[in-house]
Amino acid sequence: MKKQAYIKRTLKITALMALVVMCLAACKKQETNVDGGGGDGNHNKVERAIIYTVGHSENQRTVATEAEWDALLDHLCDQAQSGNEVIFYNMRPTSCHTGKKVQAPKSPTTISTSSRDEIKAWMKEMEEQGHTVKVSYDSSTGTWTGVAYSTMAHLATDSIIGTWHFNSLMTNQIAPDGHLLEGDLYVPEENGGSMYYTFNDNGYLLLTFNAMDGTVATDSTTWTLTDEGKLYSDLLPNNGYWDVNWITMSTMIISRTGLGVGDNDFYYQLQFNRQRKKISQL
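Per numbering that gives the first Met the number 0, the sequence shown runs over residues 0 to 281.
Watch out, some of these pointers could steer you wrong.
As the list claims (entries may be wrong) - Ranges between beta-carbon positions, derived for each pair: (1) R115 - T223: 26 to 32 Å; (2) T247 - D226: 19 to 25 Å; (3) S81 - S106: 27 to 33 Å; (4) E181 - M211: 27 to 33 Å; (5) E181 - D212: 41 to 47 Å; (6) T109 - D226: 31 to 37 Å; (7) R275 - T112: 37 to 43 Å; (8) Q59 - D200: 27 to 33 Å; (9) S106 - D212: 20 to 26 Å.
It should be emphasised that the hints constitute simulated quantities derived from the structure, not laboratory data.
Built from N, CA and C at the ideal position, the CB exists for glycine as well.
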């Protein structure tokens, strides 16, 4: 009986993962408020959800207008000039990237300049392309250095080891011309449960699903991380290799493009938060 119960729980979690892949039919539509015409360019409603680190401190800020975005970039430049390394990434591609052409991951883009205006303009451009951006300032030479990347190459495996709460899955349809369209959001807690991924140092991955009725379902497999910073496990939604866009002691964000419902391509973004306390397991 115990074996049968375990098989049923495993089938349940497998069916759940299939549901996540097909989540467009039940996702929460993300609202975007983009001013498509006129305006002075500073007050257009282009909402961004920026996650950033200044030194070892991680922060998040939502900016609703171009003026607010410009002010945040000035703040980040000020922090870099104060001697901190600054890194940022936009977690909401559905808004500011709507209408932007999806670009395949490339080698990191770099810049070195003595002009604050130039580094700031470059930061804006790299964010528009969906990259993670890192900026530092050398006060001895007056030089700004920037690196922008789509995936974190040579990422240490130890950075991923641990238990991560599956926070949300964002999906955006990719138009035939390659442009990114409005997206949808899947949040496990809003659909009847919570999900956790435990990455072990032996390459073993445990997926735990806690249902609202108190039952627990698990599934397990292996996971790998390539030198290019691509994370793979067949327990990740929609399978395939995922680019690691962001990882700290608190947050991990991964993304990929792939076939969605029907014959359409989609852009997927997963967000995880590191779990500090022990979770319920079988």
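Results for each hint:
1. Here the CB-CB span from R115 to T223 is close to 41 Å, at odds with the stated 26 to 32 Å.
2. Between T247 and D226 the CB atoms are about 21 Å apart, so this pair conforms to the stated range of 19 to 25 Å.
3. Look at S81 against S106: about 30 Å separates their beta carbons, and that is inside 27 to 33 Å.
4. About 29 Å separates the C-beta atoms of E181 and M211, a value consistent with the hinted range of 27 to 33 Å.
5. The beta-carbon spacing between E181 and D212, approximately 34 Å, falls outside the hinted interval of 41 to 47 Å.
6. At about 19 Å, the CB distance of T109 to D226 disagrees with the hint of 31 to 37 Å.
7. The supplied range of 37 to 43 Å is met by R275 and T112, whose beta-carbon atoms lie about 40 Å from each other.
8. Under the hint 27 to 33 Å, the C-beta atoms of Q59 and D200, about 29 Å apart, fit the expected range.
9. The beta-carbon spacing between S106 and D212, approximately 48 Å, falls outside the hinted interval of 20 to 26 Å.
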